[in-house]
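Participant: Each chain is listed here by its residues.
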Amino acid sequence: MSQATATLTQDRQRLELSALSAPAVIFTVGMIAFPVVYTVWLGFQSFSSTGKQSFVGLANYSKLLTDYEFWHGLWVTIALYVLSLVLQLVLGVWLALVLFHAKRLHGLVRSLFISPFMMPPVVAGMMWLVILDPSLGAANYILQSIGLPPSDWLASPTLVIPTIALVDTWQWTPYVALIVLGGLQSLPPSVYEAAQIDGASPLKTFQRITLPLLLPTIVTAAILRSVDLLRFFDIIYITTQGGPGNASNTLNIYGFRVGFEFFNIGYASALMLTLTAIVFGAVLAFNRLRGAVAW
Amino acid sequence: MTAKTLMAHVAIPILAAATLSQAHGADFNWKKFQGKTITFLANSNPISQALLTQKADFEKLTGMTLKVDTYQEQQMRQRLVTVMNAHSDEVDVFMTLPSREGEQFAAAGWYADLTPMTKNVAGNYDFAGLSQALLKAGTFNGKLTSMPMNIEGPILYYRTDILKKCGVEVPKTIKDVQAAAKKLKACDSSITPFVSRGLKPAVAYTFSNMLHNIGGSYMANGKSNLCSPKGKEALETYSGLLRDYGPPGVVNYSFPQISALYRSGRSALSFESSNELRTVMDGGARLKDTGLAPFPAGEAGQVPTAIGWGLTISAHSKQQEAAWYFVQWATSPEIQKRMALQGIAPPRPAVAKDPEYRKWIDEAPVRKEWQAALDVLATKGSSEVGYPIVANPQSREFIGQAVQDLILKQKTVDQACADADKALDALIAQK
Chain L
1 MSQATATLTQ DRQRLELSAL SAPAVIFTVG MIAFPVVYTV WLGFQSFSST GKQSFVGLAN
61 YSKLLTDYEF WHGLWVTIAL YVLSLVLQLV LGVWLALVLF HAKRLHGLVR SLFISPFMMP
121 PVVAGMMWLV ILDPSLGAAN YILQSIGLPP SDWLASPTLV IPTIALVDTW QWTPYVALIV
181 LGGLQSLPPS VYEAAQIDGA SPLKTFQRIT LPLLLPTIVT AAILRSVDLL RFFDIIYITT
241 QGGPGNASNT LNIYGFRVGF EFFNIGYASA LMLTLTAIVF GAVLAFNRLR GAVAW
Chain W
296 MTAKTLMAHV AIPILAAATL SQAHGADFNW KKFQGKTITF LANSNPISQA LLTQKADFEK
356 LTGMTLKVDT YQEQQMRQRL VTVMNAHSDE VDVFMTLPSR EGEQFAAAGW YADLTPMTKN
416 VAGNYDFAGL SQALLKAGTF NGKLTSMPMN IEGPILYYRT DILKKCGVEV PKTIKDVQAA
476 AKKLKACDSS ITPFVSRGLK PAVAYTFSNM LHNIGGSYMA NGKSNLCSPK GKEALETYSG
536 LLRDYGPPGV VNYSFPQISA LYRSGRSALS FESSNELRTV MDGGARLKDT GLAPFPAGEA
596 GQVPTAIGWG LTISAHSKQQ EAAWYFVQWA TSPEIQKRMA LQGIAPPRPA VAKDPEYRKW
656 IDEAPVRKEW QAALDVLATK GSSEVGYPIV ANPQSREFIG QAVQDLILKQ KTVDQACADA
716 DKALDALIAQ K
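Those protein sequence lines, which keep their order, are chains L and W. Here the first sequence is numbered in the working numbering, starting from 1 and rising by one per residue. Here the second sequence is numbered in the working numbering, starting from 296 and rising by one per residue.
Wrong hints could be hidden among the right ones.
Stated by the list, open to error - Below 30 Å or equal to it, Euclidean Cα-Cα: the simulated DSBU-like pairs (lysine-lysine) are: (1) W:K717 / L:K63; (2) W:K480 / W:K460; (3) W:K648 / W:K467; (4) W:K326 / W:K478; (5) W:K717 / W:K583; (6) W:K326 / W:K632; (7) L:K63 / W:K518; (8) W:K663 / L:K63; (9) W:K675 / W:K527; (10) W:K648 / W:K583; (11) W:K431 / L:K52; (12) W:K350 / W:K663; (13) L:K52 / W:K518; (14) L:K52 / W:K648; (15) W:K518 / W:K583; (16) W:K717 / L:K52; (17) W:K527 / W:K717; (18) W:K467 / W:K350; (19) W:K326 / W:K460; (20) W:K478 / W:K438; (21) L:K52 / W:K613; (22) W:K663 / W:K648; (23) W:K459 / W:K438; (24) W:K460 / W:K477.
Just so you know, these hints were derived from the structure itself, not from any lab. Keep in mind that this is a model prediction, so the values were computed, not measured.
Let the hints inform the model, and build the full structure from the sequences given.
Facilitator: As C-alpha cells, this is what we get:
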C-alpha cells in the first residue's frame with residue numbers, strides 16, 4: 001500500500017470515528033451548554049409576580065448593586081464559607097494524621113468517618129434540627145446536664161452561622177480527612193528517613209516536611225469544598241430557611257426564594273450567575289495556589 | 296358453581312358497583328373518559344393523604360388512571376412554577392391555596408376557569424352545599440378557579456390538666472391568653488406556657504387572626520397599615536407572647552415543631568391549625584387532657600382565619616374535561632365525608648350533620664370541641680392571610696420579619712412596623 005493510500009485510509013477512519021462519536025459529543029455539550037445559555041438569557045428578562053415577561057437588558061445586574069439582600073447574602077455566604085472551610089481543613093488534616101498513625105483501627109475508624117458524608121444532606125439537616133431544638137433537643141440536654149446554660153443554636157441570629165458551620169464541618173471533615181490521608185500515604189518515605197537520621201523532632205518533621213508536601217493535596221480538598229460551600233443550600237433550607245430574620249440567608253437561599261417563592265426567575269437567574277462567577281473565581285484562585293505549592 | 300361462589304363472583308361486584316354509582320350519582324356517565332390518564336400534582340399533607348386513600352374508588356368508577364406526583368409543599372410549588380412557566384400540559388390537576396397564591400396564579404393565567412364545568416356534575420354533587428365563603432375565596436375576576444377540599448384555621452389547643460393545676464380558666468379573649476400565660480409561667484417552670492408560629496414565612500397564618508380579632512387591617516387607603524395603632528398592638532401582643540412565654544428558638548417554629556412540642560406534653564397553650572388535630576393526637580398521649588377552643592376574641596370580637604386547600608385544573612391541561620371528573624369526584628359529598636372520617640374538616644356543612652360523621656365526632660370529647668371550633672371558622676371566618684395583593688407570598692415575609700424583629704428585640708415596634716410598611720408599600724405598588 002502506498003503512503004498516500006495509507007494516509008487516505010487513516011483520514012477516512014478518523015472521519016468515521018468523528019461522525020460516530022459526534023451525536024454523543026453534541027448531546028453532552030448541549031446538556032451542559034443549554035442550561036447555562038438559558039440562564040444567561042433569563043438573566044436579561046424580568047418576570048412580574050404574575051409571570052409576565054419582558055426584556056430588561058442588564059437591569060437585573062444593576063439592581064444587584066443596590067439590593068441590600070444581595071450584599072447581606074454575599075456577606076453571609078462568605079462568612080459561612082470561610083468559617084466552615086478553615087474548620088474542615090484544620091480538623092481534616094488532624095484527623096488524617098490520626099488515621100495515618102492509628103493503623104490497628106484502620107477499617108473501623110475509616111468506616112465510621114465515612115458515614116457522615118454518605119448521609120444525604122436533607123437527612124443530616126433533619127437530624128441536626130431535632131438535636132439542636134432548644135426545647136426538645138439533645139444538645140441543650142447535654143449542656144444542662146453538665147451545668148452549662150442552654151443555647152438557642154439555630155434560633156439565635158448571632159449563633160446561627162457558627163452552628164450551621166459546625167453541622168457542615170461534622171458532615172464533611174471526614175471527606176477532607178480521607179483526601180489528605182491519600183496524600184499522606186503517597187509521601188516519599190526517603191525524606192522521613194533522612195529527617196530521622198538528622199535528628200528532626202516530630203513537630204519539626206511535620207512543619208518542615210509533612211505540611212509543605214501535603215499542601216497540593218490540601219489545596220485540592222479546599223477546591224472541592226469551596227465549590228460545595230459557596231453553593232451551600234440544603235442543610236440551611238432544612239434547618240432555618242435563611243432565618244432567623246435574614247441571619248442565614250445565603251446567596252443561594254436568597255436566589256431560590258426570589259425564583260421559586262416570589263416567581264422572579266429573571267432576577268433569580270442574575271443572582272445565580274453572579275454566584276457561579278464567585279465560585280469560578282474561588283476555584284481559579286485555588287488552582288493558581290495549587291500551581292504555586294506543587295512539588 | 297355453588298350459590299356461595301355465584302354470590303362472590305357476580306352478586307357482590309354488581310352490588311358494589313350499584314352502591315358506588317349510587318354514592319356518586321347514577322345519572323351521570325362517569326365512564327366517559329375511560330382509559331385516559333390524569334396527572335395530579337399533590338402537596339404531601341394530611342388532606343391529599345386522606346384523599347388518595349380513595350384513589351382506587353376513582354379509578355374503578357371512571358376507568359381512568361390517576362397518576363399522582365406528590366411533593367412537600369414548597370417543592371410542589373417549585374415543580375409547578377417550572378411546569379407552568381414552560382406552558383407544559385404535564386400536570387392536569389394541582390392543589391392550591393387560594394388565600395396565598397390565588398391572586399398571583401389567577402393573574403398569571405395558570406388556573407382553568409371552572410365556572411362552566413360546575414354545570415356538568417352528577418345529580419348528587421350538591422354544588423350549593425359547598426362552603427360559599429371558600430368558593431368566594433377561590434373566585435378571581437368572576438372566575439371560579441378551585442374547588443374547596445377542606446376548611447381549616449388556627450384554633451387554641453390547651454392542656455386541661457395543667458390549666459386546672461394552675462387555677463387558670465380557659466382563655467376567652469386575647470387578654471385572657473396573656474394573663475393565663477403569665478400565671479402558667481409562674482406555676483410550672485417546666486412547661487412552655489404558650490406557643491404559636493414564629494418562623495418568618497409561617498407567622499402570617501396565626502398573626503392574621505390576632506390582627507383581625509384586635510380590630511386591625513393589613514391595608515388602608517391602598518397603603519400598608521401595620522403602623523396603625525391596632526397594627527402595632529397586634530405586633531406587640533403576638534411577639535410579646537412568644538418572646539415572654541414561648542419556647543426558646545420559637546423563631547424557627549412552624550406547625551411541625553408546635554405539634555411536636557404540644558404532643559410531647561411540653562406546652563400548655565398552643566395556637567395551631569385545626570388540621571393538626573390528627574398529628575397532635577398521634578400516639579394518644581394528648582387524647583384525654585386536651586381541650587380545643589376557637590381563637591380567643593379581641594376588641595373586634597372573633598374574626599377567625601378560615602382557609603382551605605383547593606383542587607384546580609391547569610390552564611395548560613389538554614384534557615380539562617376529564618380532569619374535571621377527578622376534581623368533581625374528589626370534592627363530592629361522599630368523598631368529603633370519607634375524608635372527614637379521617638380528620639379532614641369538610642368544606643360542606645351538610646357533612647357535619649351526617650350520622651356516620653356525627654358518630655365519629657361523638658366518640659371523643661375533643662372531637663366535639665374540634666367541630667365546635669370549626670363551626671365558628673365556617674360562620675365567621677376570613678380568608679385574609681397576609682396582604683390581599685398579587686405578591687401575597689412575599690408580603691408574608693415582611694409580616695414575619697416584623698414579628699421576628701420584635702421577638703429577638705432587634706427593633707422597637709415603631710422601627711419594625713415602619714420598615715415593614717415601607718417594604719410592603721413597594722410590594723403593593725408592583726403590578
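Participant: Indicate, hint by hint, whether the structure satisfies it.
Facilitator: A quick look at each hint next to the structure:
This hinted pair checks out: K717 (chain W) and K63 (chain L) have alpha carbons roughly 18 Å apart, not beyond 30 Å. In summary, the hint linking K480 (chain W) to K460 (chain W) is supported, as the alpha carbons are separated by about 12 Å, within the 30 Å threshold. Note on K648 (chain W) and K467 (chain W): the hinted pairing holds, with a Cα-Cα distance of about 27 Å set against a maximum of 30 Å. At most 30 Å may separate the alpha-carbon atoms for a hinted pair to count; K326 (chain W) and K478 (chain W) exceed this at roughly 62 Å.
Restraint check for K717 (chain W) and K583 (chain W): the C-alpha separation of about 47 Å exceeds 30 Å, so the hint is violated. The straight-line distance between the Cα atoms of K326 (chain W) and K632 (chain W) is roughly 23 Å, inside the 30 Å bound, and the hint therefore holds. Under the criterion of a C-alpha separation no larger than 30 Å, the hint pairing K63 (chain L) with K518 (chain W) is consistent with the structure, at around 24 Å. For the hint linking K663 (chain W) to K63 (chain L), the alpha-carbon distance of about 55 Å lies beyond 30 Å, and the restraint is violated.
For a cut-off of 30 Å, the pair hint linking K675 (chain W) to K527 (chain W) stands: about 24 Å separates their Cα positions. The suggested pairing of K648 (chain W) with K583 (chain W) holds, with an alpha-carbon distance near 24 Å, which does not exceed 30 Å. Taken as a hint, the K431 (chain W) and K52 (chain L) pair is honoured in the structure, with Cα atoms around 25 Å apart against an allowance of 30 Å. Under the criterion of a C-alpha separation no larger than 30 Å, the hint pairing K350 (chain W) with K663 (chain W) is consistent with the structure, at around 29 Å.
Distance restraint check for K52 (chain L) and K518 (chain W): the Cα-Cα separation of roughly 24 Å lies within the 30 Å cut-off, and the hinted pair is therefore satisfied. Simply put, K52 (chain L) and K648 (chain W) have alpha-carbon atoms about 46 Å apart, too far for the 30 Å limit, and the pair is violated. Restraint check for K518 (chain W) and K583 (chain W): not satisfied, since their Cα atoms lie roughly 47 Å apart, outside the 30 Å limit. Note on K717 (chain W) and K52 (chain L): the hinted pairing holds, with a Cα-Cα distance of about 24 Å set against a maximum of 30 Å.
As the CA atoms of K527 (chain W) and K717 (chain W) are separated by approximately 15 Å, the hinted pair is consistent with the 30 Å bound. Taken as a hint, the K467 (chain W) and K350 (chain W) pair is broken in the structure, with Cα atoms around 42 Å apart against an allowance of 30 Å. With a CA separation close to 60 Å, the supplied pair K326 (chain W) and K460 (chain W) exceeds the 30 Å bound. Distance hint between K478 (chain W) and K438 (chain W) is unfulfilled; the C-alpha atoms sit about 50 Å from each other, more than 30 Å.
Using a Cα cut-off of 30 Å, the hinted pair K52 (chain L) and K613 (chain W) holds, with the two alpha carbons roughly 22 Å apart. Proximity of K663 (chain W) to K648 (chain W) is assessed by CA-CA distance (about 12 Å); at most 30 Å being required, the pair is judged to hold. Taken as a hint, the K459 (chain W) and K438 (chain W) pair is broken in the structure, with Cα atoms around 50 Å apart against an allowance of 30 Å. Pair hint K460 (chain W) plus K477 (chain W) holds up; C-alpha atoms about 14 Å apart against a cutoff of 30 Å.
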